[in-house]
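Letter by letter, the chains look like this.
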Amino acid sequence: MLEAAELPEAQKKAIEVSGKSVLICHAPQGWFAVSNICSHANEKLECGRMKHGIIVCPVHGARFKLETGEAMSAPASKPIETFELRIVDGWVEVRV
Amino acid sequence: MNYQDRKTDKDLKAGAARCPAISTQDIIAQDKVQAPGWVRSESYEYLGSEDIDTARYIDPAFAKEEYDRLWTRTWQFACREENIPGVGDYYVYDLGSYSFIVTRVSKDEVKAYYNACLHRGTKLRASGTDGTASEFKCSFHGWSWNVDGSNKSVTCPWDFPHVNRDEYKLPEARVALLGGFVFINMDPDAPSLEDYIGPEALAHIKAWKLEDRYVALHVGRRFQCNWKLNIEAFQEAYHVIQTHPQVAPSNGDANSQYDTYGEHVNRFISTLGVVSPHLYGKVSEQDVFDQFTLGDSSALGGGGKPQLKEGETAREAMAVMFRGMFEQAFNADLSKVSDSELLDCFSYTIFPNLFLFPGISLPMVYRFRPDPKDHRASIFEVLFLRPVPKDGKRPEPAEPIMLGDNQSFTEAEGMDPGFGAIMDQDTENLFLQQEGLEASAKHGLTLGDYQEIRVRHFEKAVDKYMAMPPKRPDWKRAQP
Chain A
1 MLEAAELPEA QKKAIEVSGK SVLICHAPQG WFAVSNICSH ANEKLECGRM
51 KHGIIVCPVH GARFKLETGE AMSAPASKPI ETFELRIVDG WVEVRV
Chain B
97 MNYQDRKTDK DLKAGAARCP AISTQDIIAQ DKVQAPGWVR SESYEYLGSE
147 DIDTARYIDP AFAKEEYDRL WTRTWQFACR EENIPGVGDY YVYDLGSYSF
197 IVTRVSKDEV KAYYNACLHR GTKLRASGTD GTASEFKCSF HGWSWNVDGS
247 NKSVTCPWDF PHVNRDEYKL PEARVALLGG FVFINMDPDA PSLEDYIGPE
297 ALAHIKAWKL EDRYVALHVG RRFQCNWKLN IEAFQEAYHV IQTHPQVAPS
347 NGDANSQYDT YGEHVNRFIS TLGVVSPHLY GKVSEQDVFD QFTLGDSSAL
397 GGGGKPQLKE GETAREAMAV MFRGMFEQAF NADLSKVSDS ELLDCFSYTI
447 FPNLFLFPGI SLPMVYRFRP DPKDHRASIF EVLFLRPVPK DGKRPEPAEP
497 IMLGDNQSFT EAEGMDPGFG AIMDQDTENL FLQQEGLEAS AKHGLTLGDY
547 QEIRVRHFEK AVDKYMAMPP KRPDWKRAQP
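Going down the list, the sequences are from chains A and B.
Using my numbering, the letters of the first sequence correspond one by one to residues 1 to 96.
Using my numbering, the letters of the second sequence correspond one by one to residues 97 to 576.
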């Protein structure tokens with residue numbers, strides 16, 4: 001899906017996979033793949049702050065754990081989808 | 097130990113009596129690497145001996161009035177600058193029912209907006225959150241503000257001909273930056289932060305260069321006591337021998353030094369690496385060396401503490417040891433730091449709710465806030481500030497860890513177990529004090545003239561603000 005070297009630590013990138021917008025995150029805590037769409041108001045998460053393993057929606061400020069997708073603060077109450085991710089031969093692969 | 101019988105005469109003026117032991121200044125004067133002027137000075141003033149009325153701790157009406165008289169007029173620590181390094185980064189600071197979005201609007205400018213939509217009042221960002229924004233958009237109807245506070249959009253503007261968007265900028269609290277801290281004040285008429293702190297204490301704070309530290313650990317917990325009781329438990333070393341007996345063998349507690357600066361700042365200096373006057377003749381220098389407590393003992397590594405050389409004092413050995421191990425642990429240059437700054441506990445209160453500890457071995461910041469739903473509870477936070485590494489690469493500030501009401505501080509990941517145990521001992525006293533004040537037939541606190549001067553000084557500031565009329569924020573006056 002994506003060359004791992006293209007995404008240095010602390011960077012993230014949105015890609016389309018099987019019709020879904022998926023956010024690939026290279027956090028200091030590891031690699032994660034989550035839905036790029038906020039569960040609160042369907043805004044894109046790709047421009048939000050990623051810190052301490054958390055992605056913050058840039059529009060209304062909802063926060064989600066990258067590892068589990070859990071909603072951590074209002075205005076979101078539902079989780080975002082997470083996807084299995086692995087790195088094979090320098091390529092990031094995501095199961096959607 | 098250089099013991100001398102100092103100033104115990106009953107004929108002394110009120111407040112002039114001191115512990116009959118070597119003084120803090122005399123201990124520090126014997127150090128090899130000498131301390132700077134801010135350490136080598138005293139500023140005690142006798143402020144009376146009357147009891148402090150306990151209604152302020154137990155009366156819910158008093159707590160309610162504090163929100164409108166005291167908290168709306170005073171400078172408060174909202175966040176560290178490192179929490180909002182880039183333009184658009186924000187941090188939500190809450191005090192009671194008040195809430196602020198503290199955000200960086202340019203490289204050198206930080207603003208603090210009242211965290212409420214000017215349409216129907218919804219919070220623009222949830223409490224306890226931080227992040228990055230290109231706009232602050234209300235999640236209810238979508239009214240939106242730019243990072244600089246100007247109104248960006250009103251949904252369906254045709255329905256709001258009575259709203260002049262130029263008059264609908266986000267209201268602001270005042271902001272001041274000092275030592276890497278972002279302070280806010282809701283009062284447009286308050287003195288500047290510099291005048292509020294006063295020239296002498298301000299010079300101390302500037303000398304510490306706390307902007308060159310970073311938050312290595314941030315732990316919070318709710319305490320079952322009024323916020324002022326919480327603060328005052330940390331304003332004296334008088335309690336050490338009873339509450340923290342494990343610390344006393346290596347802490348000059350009863351001979352700690354207490355100072356006040358103007359109306360809003362006070363401090364103590366409590367020396368480490370010296371025996372408590374309560375234990376003179378009962379412990380050896382080796383005992384002192386073996387039992388010292390660090391705020392962050394990870395710097396010790398896995399090695400134990402060596403034996404003192406013949407004639408060497410614990411304090412001398414600790415100064416040498418601390419300098420080496422902290423330089424290595426933090427990858428920082430401490431060659432110009434005095435022995436006292438390396439070893440001793442310097443505790444400063446900046447009224448109403450900030451404690452700064454500029455030392456190296458005990459490098460904490462405390463923040464205390466009332467629980468908005470319960471005047472008998474308060475929120476305590478401790479932040480450990482480490483020097484930024486020599487390569488200048490500033491680590492990310494630690495994510496706050498909020499403990500549950502019944503959790504031990506020792507359970508927080510990264511917390512030094514010895515320090516956590518001390519915090520637990522303080523916690524255990526505080527709910528008993530809250531309940532005891534409510535149960536007591538005596539309606540006043542009786543304070544020591546010297547060792548508890550910080551408590552009296554603090555409560556004098558409380559009295560000053562509580563004597564003023566209520567002052568609630570006015571959104572029109574709070575617009576730029």
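Simulated from the structure, these hints should not be mistaken for lab results.
Misleading hints may appear alongside valid ones.
The list that follows gives simulated cross-link-like pairs (lysine-lysine, BS3-like), each with its CA atoms no further than 25 angstroms apart [to be verified]: (1) B/LYS560 x A/LYS51; (2) A/LYS51 x B/LYS486; (3) A/LYS44 x A/LYS13.
Nothing here was measured: the structure is a model prediction, and the numbers come from that model.
We went through each hint and held it up to the structure:
{"no.": "1", "hint": "B/LYS560 x A/LYS51", "in the structure": "violated, 42 angstroms"}
{"no.": "2", "hint": "A/LYS51 x B/LYS486", "in the structure": "holds, 24 angstroms"}
{"no.": "3", "hint": "A/LYS44 x A/LYS13", "in the structure": "holds, 12 angstroms"}
Hint check: a violation occurs at hint 1 only; the rest are consistent with the structure.
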